[in-house]
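Peer 1: These are the residues of each chain, in order.
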Amino acid sequence: MIFFAEDDPSIGQLVCFKLKKAGFSIHWVRDGSLALQEFALNKWGLVILDVMMPGADGWTVLKHIREESEDKDVPVLMLTARGQKSDMDLADQNRATDFLKKPFDPEDLVKKVKQHLRGDL
Amino acid sequence: MLPKRFRYADQPLLVQVLFTGIVVSGFVFAQLGLLSWQAYRETQMRSSLQIILDKNIELNRLSTKFYHLNDQLEQYVESQNLKYYRDFIETAESIKEFWKSKSPVFLKEFSIPKEQIDFYVSKYLKPIKFGNKKNISESRQQLKFIFNQTLTSINQALLELENQREQLNGELFHHSDGIFSILIWMNLCFLIFFSFILIKFYRSIMNPLSDLSAAMRNYQEGKLKTRLPVLNQSEIGFLAFRFNEMAERTESMVNELKKLDVLKTEFLSAVSHELRTPLTSIMGYIKLLVNGDAGPINEDQKNFLEIIEASSLRLNHLVDDLLDVDRIESGKISLHIESTDVVSVLRESIKSVTLLAERKKIILESDFSDQIRKCEADRMRLLQVFTNLLSNAIKYTEKGSVRIKVQENVDGINVEIEDTGMGMNEEEQKNLFRKFFRTPSAIETHEGGTGLGLVIVKAIVDAHGGKITIQSKKSVGTRVETFIPFIYKLKSE
Numbered sequence: 001m002i003f004f005a006e007d008d009p010s011i012g013q014l015v016c017f018k019l020k021k022a023g024f025s026i027h028w029v030r031d032g033s034l035a036l037q038e039f040a041l042n043k044w045g046l047v048i049l050d051v052m053m054p055g056a057d058g059w060t061v062l063k064h065i066r067e068e069s070e071d072k073d074v075p076v077l078m079l080t081a082r083g084q085k086s087d088m089d090l091a092d093q094n095r096a097t098d099f100l101k102k103p104f105d106p107e108d109l110v111k112k113v114k115q116h117l118r119g120d121l
Numbered sequence: 001m002l003p004k005r006f007r008y009a010d011q012p013l014l015v016q017v018l019f020t021g022i023v024v025s026g027f028v029f030a031q032l033g034l035l036s037w038q039a040y041r042e043t044q045m046r047s048s049l050q051i052i053l054d055k056n057i058e059l060n061r062l063s064t065k066f067y068h069l070n071d072q073l074e075q076y077v078e079s080q081n082l083k084y085y086r087d088f089i090e091t092a093e094s095i096k097e098f099w100k101s102k103s104p105v106f107l108k109e110f111s112i113p114k115e116q117i118d119f120y121v122s123k124y125l126k127p128i129k130f131g132n133k134k135n136i137s138e139s140r141q142q143l144k145f146i147f148n149q150t151l152t153s154i155n156q157a158l159l160e161l162e163n164q165r166e167q168l169n170g171e172l173f174h175h176s177d178g179i180f181s182i183l184i185w186m187n188l189c190f191l192i193f194f195s196f197i198l199i200k201f202y203r204s205i206m207n208p209l210s211d212l213s214a215a216m217r218n219y220q221e222g223k224l225k226t227r228l229p230v231l232n233q234s235e236i237g238f239l240a241f242r243f244n245e246m247a248e249r250t251e252s253m254v255n256e257l258k259k260l261d262v263l264k265t266e267f268l269s270a271v272s273h274e275l276r277t278p279l280t281s282i283m284g285y286i287k288l289l290v291n292g293d294a295g296p297i298n299e300d301q302k303n304f305l306e307i308i309e310a311s312s313l314r315l316n317h318l319v320d321d322l323l324d325v326d327r328i329e330s331g332k333i334s335l336h337i338e339s340t341d342v343v344s345v346l347r348e349s350i351k352s353v354t355l356l357a358e359r360k361k362i363i364l365e366s367d368f369s370d371q372i373r374k375c376e377a378d379r380m381r382l383l384q385v386f387t388n389l390l391s392n393a394i395k396y397t398e399k400g401s402v403r404i405k406v407q408e409n410v411d412g413i414n415v416e417i418e419d420t421g422m423g424m425n426e427e428e429q430k431n432l433f434r435k436f437f438r439t440p441s442a443i444e445t446h447e448g449g450t451g452l453g454l455v456i457v458k459a460i461v462d463a464h465g466g467k468i469t470i471q472s473k474k475s476v477g478t479r480v481e482t483f484i485p486f487i488y489k490l491k492s493e
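As given, the protein sequences belong to chains A and B, one line each in that order. Counting in the working numbering, the first sequence runs from 1 upward without gaps. Counting in the working numbering, the second sequence runs from 1 upward without gaps.
Accuracy of the hints is not assured; some may be wrong.
[Claimed, not checked] With a straight-line Cα cutoff of 25 Å, these simulated DSS-like cross-link-like pairs (lysine-lysine) come out: (1) B/Lys259 <-> B/Lys435; (2) B/Lys361 <-> B/Lys399; (3) A/Lys112 <-> A/Lys72; (4) B/Lys399 <-> B/Lys360; (5) B/Lys473 <-> B/Lys395; (6) A/Lys21 <-> A/Lys112; (7) A/Lys21 <-> B/Lys374; (8) B/Lys351 <-> A/Lys101; (9) A/Lys72 <-> A/Lys43; (10) B/Lys351 <-> A/Lys111; (11) B/Lys351 <-> B/Lys361; (12) B/Lys264 <-> A/Lys101; (13) A/Lys114 <-> A/Lys21; (14) A/Lys20 <-> A/Lys114; (15) B/Lys399 <-> B/Lys374; (16) B/Lys467 <-> B/Lys489; (17) A/Lys20 <-> B/Lys302; (18) B/Lys302 <-> A/Lys111; (19) B/Lys351 <-> A/Lys112; (20) B/Lys264 <-> B/Lys458; (21) B/Lys361 <-> B/Lys264; (22) B/Lys332 <-> A/Lys101; (23) B/Lys374 <-> B/Lys489; (24) B/Lys351 <-> B/Lys405.
No lab work stands behind these hints: they were computed from the structure.
Chain B with its partners taken away, still in its complex shape (with noise of 0.2 Å):
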């Protein structure tokens, strides 16, 4: 799984962190160098300009010397005062232990004739002193020439001295200067460098992150096949991988859901097939034998007969409740919508229960006129919504009367149902939708019942776009208000 290009991006976030650093680091450390060395070689430059400085100092004494040795003897000469023979030799003689106080190696390098003056010294100036007149005037020759050559070596060695001063300066403010444009170049690279570095760092984890987060809200939203690209072996690429694990396993695991849903549907369609087959058989049976195909039969068999023919109707009244139940679910719920009479749909549901009031003596009261508008319903599924209602409202009373009163609104029918029977507390009333609840004193009446039944109705009247509001008082009633709108709105996906 590995790319064979080596690439930053694809490398562990440590790694890219460290050599991040590491440049970083480096760079600082190029630079500080850099400077270090450029102030070190300032430094000598600074310092061979100071030698320059003085040996010109000296020299410039040097040459002072030289004048006023003229001088003196130019003085002497003239007055021939022994006097300013005597200043004279003084100032010979310093001039001499200078020389000595100085290298060779000084003198040599600014070609400065030492012999000559030693030899000057030494010879010459003696004549001087025992007066001989054409001596003299001989050394002063001499003298003067020796003079004019000393300055002479002095001046140029001095001209020399400016000439590398200037060279010196000259060559330190260029270097500075290269440095300086060396500093410049080095940070502007190391500025788009480090954007660069940056950038790719940022992508490195800001695209793979987008990815999943745009992979997650398509996973979200049931494209279960939603995967990542596992780019490379970095954290991120880890991250993807482990993303990838985890849609794999929930897909793998929704699909067994969806498995195990179809075999539900399979086995709850077998499982009733496989009870309605018996069911039809038995409660064909029974007709027969009650409606006297079979020959006649005596009062106790056609009792015990309609005792069998009802608990066959409850087992069958299950079945199909738990089919419905099972649609609901699944969401399968479908409508046969056509223009349906409410009103002969009522009425209907109340011939259907009306044995069942007789039996219990409760007065069943309808307050409608059959002058109502008609609804977009399904005549089927009302008519069970209806009886279901109207046969719970008989079961659960003991005795007074079941009230029906429609209402035509403004953009729909509003049936009431009204009991004076048992009603129910405010706990029981919450449960009320619940699959398979049934309320305590419900159970204790031994009226049959599955729970299953306002599960149902609900959900028809939620299929139409109507409403079912139940409002109860213990011991004194059940008020149910079913609303139906004319128009069908099919429910958007």
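Pulled out of the complex, with its shape left as it was, chain A reads as follows (with noise of 0.2 Å):
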């Protein structure tokens, strides 16, 4: 089961549409103060969290899951706004497991699911 946190509808929608075509299932929540709360609800298999987001940015929610949550090592796919050096150090720092530059290519979308998806889950 994968966790998604972006507050974009079409965006959203379509991340949701694809990765459900590919196969996998999917927790959509719609700001980030949504996603420090639904995060503990479950264990997933990976997340895909955005960056600019009302509530909490992106960030936030990586280090409340790296920091405080039950299940720090989950594979965290963070989707930037671009590949500056700015948002590489803050993945390094907060220990995202990957990021994926928007726009980015639903297919390129899929190949990092599968590559950071966690099997058992």
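Put the two chains together into one complex, using the hints given.
Peer 2: What follows is the structure, given as structure tokens:
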């Protein structure tokens, strides 16, 4: 099961459509504060976080997962605005597993998900 | 703002100059007055001396006459000759006349017994004339006595005159001596006082001026909080006041500009986010459609979708370029330095433009080996540089080839990209690194471009400590040489 946080409905729908079509099950939350609440509800095979979100941004959610949650080692894929140094540094610092630069090819997303998803979940 | 205590240096320069002038002229007048007084006193004393001398001469003449009178009397008594008697009488008459010509004050001043002489002249000369011997010897006794008394008086008067003269002389000497030392002391005091005032004056100008120049230097170095103390209301104080006013205004203007810059950055990042989100959505859905995820599509539909995709990509590049230019201009371009294989970066760039080259039937010739030393560089940024340069070369070449050559130098790697394209004239080459500049022939090709690519390329190469040179000839081709050093040196601030 994939935990997916994204505030933009069209991108959310796109990702959900593509990943469901590729055979994954996905749980989509619409903003950062909901992501903080709902992450603890389940144990996830992979987390996909958008960076720019209302409530709490992707880095805050990632920090919460890595430092305070019960599943600190869950793989996390960040959807960043662009491959800038500051973003890459932030990804390194916050121990993101990987990142995908927007705009992205849905095929690349599927590849990255297949690469990082924990097999047993 | 006025200080409570009166200070010379706080006064307006005009007042300071006027005050100094008054002091100097006052001193000059004092000296002149002193000297004139001295001259007046000296003349006065000299005239007194002259009077004394005149009196002296007259008294001497009188005493000579008396001696003469005495001699004549002696001769007459000895010889009993009337001739001598006449002489005697003559002399006595002349003494009488002399007496008459002198004021009684003159005689009184020197205690000369006039009455006795008068008595002598009127009474005792007669018996001598009548030849009475007894009377004569009596008269002689009397005359001798009066004569001695008179001479003593005259001598005493002379002595007194001499005393007066000496005293006057002494006074005169003492007086000029006193004036002389007064003048010396006065000049000394004035010298000290004047130097003091001059130093004060100098300081009241020079100190604030050097403060001002130091403040200006600080201000120039960016310490915009620099202000000068306004010590007084003199011209210099006013200068400081004006400087502060200027500094205040400039500082607020700079702060305003800084705020604007922050606003611009915020605006740009907001715009880029707002643009990118719909672009991500558009491009993602196009991919879904093109990949057939939403069902099969026909060839026309596929073509149109690809056109939409290409346009979206251009829009996306524009957003990237605008953000890059903003970062470059605000000096915030940051490099993620790592050991980078330039050849592999170049291969990746070539791969990304291959499709474009194939479409235009342009041959990509590459001439390099894989055995090339790695550079300390930002891989993503170098990729951006080479991709940009290669796509430029392909975009502006109608037919022919693009040749890529890599050479290892002593201190870095030289990448040469040469095309057989439209080229540029010298005027166009000069403007090549100007923002939004595109050559007229480049615009005519209808190839997409923002005129930002080379600006970004140059900034990235410069940030690496590298160098980019472009040689071009109209209608012949363009050669771009990019030098990237092996060792990255952090630019000193």
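Peer 1: Take the hints in turn and mark each one as holding or not.
Peer 2: Checked hints:
{"no.": "1", "hint": "B/Lys259 <-> B/Lys435", "verdict": "23 Å, holds"}
{"no.": "2", "hint": "B/Lys361 <-> B/Lys399", "verdict": "7 Å, holds"}
{"no.": "3", "hint": "A/Lys112 <-> A/Lys72", "verdict": "20 Å, holds"}
{"no.": "4", "hint": "B/Lys399 <-> B/Lys360", "verdict": "8 Å, holds"}
{"no.": "5", "hint": "B/Lys473 <-> B/Lys395", "verdict": "16 Å, holds"}
{"no.": "6", "hint": "A/Lys21 <-> A/Lys112", "verdict": "15 Å, holds"}
{"no.": "7", "hint": "A/Lys21 <-> B/Lys374", "verdict": "43 Å, violated"}
{"no.": "8", "hint": "B/Lys351 <-> A/Lys101", "verdict": "20 Å, holds"}
{"no.": "9", "hint": "A/Lys72 <-> A/Lys43", "verdict": "11 Å, holds"}
{"no.": "10", "hint": "B/Lys351 <-> A/Lys111", "verdict": "20 Å, holds"}
{"no.": "11", "hint": "B/Lys351 <-> B/Lys361", "verdict": "15 Å, holds"}
{"no.": "12", "hint": "B/Lys264 <-> A/Lys101", "verdict": "24 Å, holds"}
{"no.": "13", "hint": "A/Lys114 <-> A/Lys21", "verdict": "13 Å, holds"}
{"no.": "14", "hint": "A/Lys20 <-> A/Lys114", "verdict": "13 Å, holds"}
{"no.": "15", "hint": "B/Lys399 <-> B/Lys374", "verdict": "34 Å, violated"}
{"no.": "16", "hint": "B/Lys467 <-> B/Lys489", "verdict": "14 Å, holds"}
{"no.": "17", "hint": "A/Lys20 <-> B/Lys302", "verdict": "24 Å, holds"}
{"no.": "18", "hint": "B/Lys302 <-> A/Lys111", "verdict": "23 Å, holds"}
{"no.": "19", "hint": "B/Lys351 <-> A/Lys112", "verdict": "22 Å, holds"}
{"no.": "20", "hint": "B/Lys264 <-> B/Lys458", "verdict": "23 Å, holds"}
{"no.": "21", "hint": "B/Lys361 <-> B/Lys264", "verdict": "43 Å, violated"}
{"no.": "22", "hint": "B/Lys332 <-> A/Lys101", "verdict": "21 Å, holds"}
{"no.": "23", "hint": "B/Lys374 <-> B/Lys489", "verdict": "15 Å, holds"}
{"no.": "24", "hint": "B/Lys351 <-> B/Lys405", "verdict": "16 Å, holds"}
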